[in-house]
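Whenever a hint applies, use it, and build me the whole structure from the sequences.
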Amino acid sequence: MLTDLWQVRKERAMAKIRVFRVKLWRRVMAVFFALAGVLFLIEAGWALQLEQGRAQWMALLSAVFFVLFGLGWMAHTFQNSVAMGADWVELRTWRKRQRLSFDKIKGKRESLDKDDPGAPKVHGIRLEAEGGELASLEFERFYEFDRGFWEWYRGLRDLDAEEESGQSAGAVAVRG
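Residue numbering for the sequence shown follows the numbering used here, beginning at 1 and increasing consecutively.
Do not rely on the hints blindly, as some may be mistaken.
What the hints assert, rightly or not - Listed next, the in silico BS3-like pairs over lysine-lysine satisfying Cα-Cα at most 30 Å (straight line):
1. Lys16 with Lys106
2. Lys96 with Lys23
3. Lys106 with Lys96
4. Lys108 with Lys23
5. Lys108 with Lys16
6. Lys23 with Lys106
7. Lys23 with Lys104
What the hints assert, rightly or not - The calculated label-pair distances, taken between Cβ atoms and stated as ranges, are:
8. Glu130 with Arg97: 16 to 22 Å
9. Ser165 with Phe32: 42 to 48 Å
10. Arg147 with Leu48: 51 to 57 Å
11. Glu51 with Tyr153: 53 to 59 Å
12. Lys16 with Lys104: 19 to 25 Å
13. Asp103 with Met58: 51 to 57 Å
14. Arg18 with Glu51: 52 to 58 Å
15. Ser136 with Glu51: 51 to 57 Å
16. Gln49 with Ile17: 47 to 53 Å
17. Gln49 with Asp160: 53 to 59 Å
18. Gln49 with Tyr153: 50 to 56 Å
Since the hints were derived computationally from the structure, they do not count as laboratory data. Just so it is clear, CB atoms sit at the ideal spot from N, CA and C, and this is done for glycine as well.
What follows is the structure in structure tokens.
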């Protein structure tokens, strides 16, 4: 019994779990934004102390908003991660953890940021679950994914491409 428990712990320790954090530049920007908000708050408080007026109160409220937004962004960038095990992928946030087994993934969808019509950039990733009983995983591309993740990801069914080819085939059938 004890040796079985030891074997299970050993197998779990050997199982490689890769954790992908938010990219460093996003975390640095979040810290910078929060610190700029604190400096703005100090300056607005000092200005309010020197002379009272409606403009200083608005500046103080704006500074509080900057600080709160920066702290929220920091919590998001430092707490969120995507983890990948031998047969599952998991989105970890400060509120919850969502896990999908590889065999439960129907396919992938990507949301495009089409600011530049010549070169759309993939902004969001959605891993859709089979059936309706499991929730799909949605996350941004702002994580430091490794080559193994991208190889696995490219191997998933592309539901957007299948949908597009189905629509174009339907359009050809209507014309014919």
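Hint check:
{"no.": "1", "hint": "Lys16 with Lys106", "result": "holds (24 Å)"}
{"no.": "2", "hint": "Lys96 with Lys23", "result": "holds (20 Å)"}
{"no.": "3", "hint": "Lys106 with Lys96", "result": "holds (22 Å)"}
{"no.": "4", "hint": "Lys108 with Lys23", "result": "holds (22 Å)"}
{"no.": "5", "hint": "Lys108 with Lys16", "result": "holds (23 Å)"}
{"no.": "6", "hint": "Lys23 with Lys106", "result": "holds (27 Å)"}
{"no.": "7", "hint": "Lys23 with Lys104", "result": "holds (28 Å)"}
{"no.": "8", "hint": "Glu130 with Arg97: 16 to 22 Å", "result": "holds (20 Å)"}
{"no.": "9", "hint": "Ser165 with Phe32: 42 to 48 Å", "result": "holds (44 Å)"}
{"no.": "10", "hint": "Arg147 with Leu48: 51 to 57 Å", "result": "holds (53 Å)"}
{"no.": "11", "hint": "Glu51 with Tyr153: 53 to 59 Å", "result": "holds (57 Å)"}
{"no.": "12", "hint": "Lys16 with Lys104: 19 to 25 Å", "result": "holds (20 Å)"}
{"no.": "13", "hint": "Asp103 with Met58: 51 to 57 Å", "result": "holds (55 Å)"}
{"no.": "14", "hint": "Arg18 with Glu51: 52 to 58 Å", "result": "holds (56 Å)"}
{"no.": "15", "hint": "Ser136 with Glu51: 51 to 57 Å", "result": "holds (54 Å)"}
{"no.": "16", "hint": "Gln49 with Ile17: 47 to 53 Å", "result": "holds (52 Å)"}
{"no.": "17", "hint": "Gln49 with Asp160: 53 to 59 Å", "result": "holds (56 Å)"}
{"no.": "18", "hint": "Gln49 with Tyr153: 50 to 56 Å", "result": "holds (54 Å)"}
Consistency note: the structure conflicts with none of the earlier hints.
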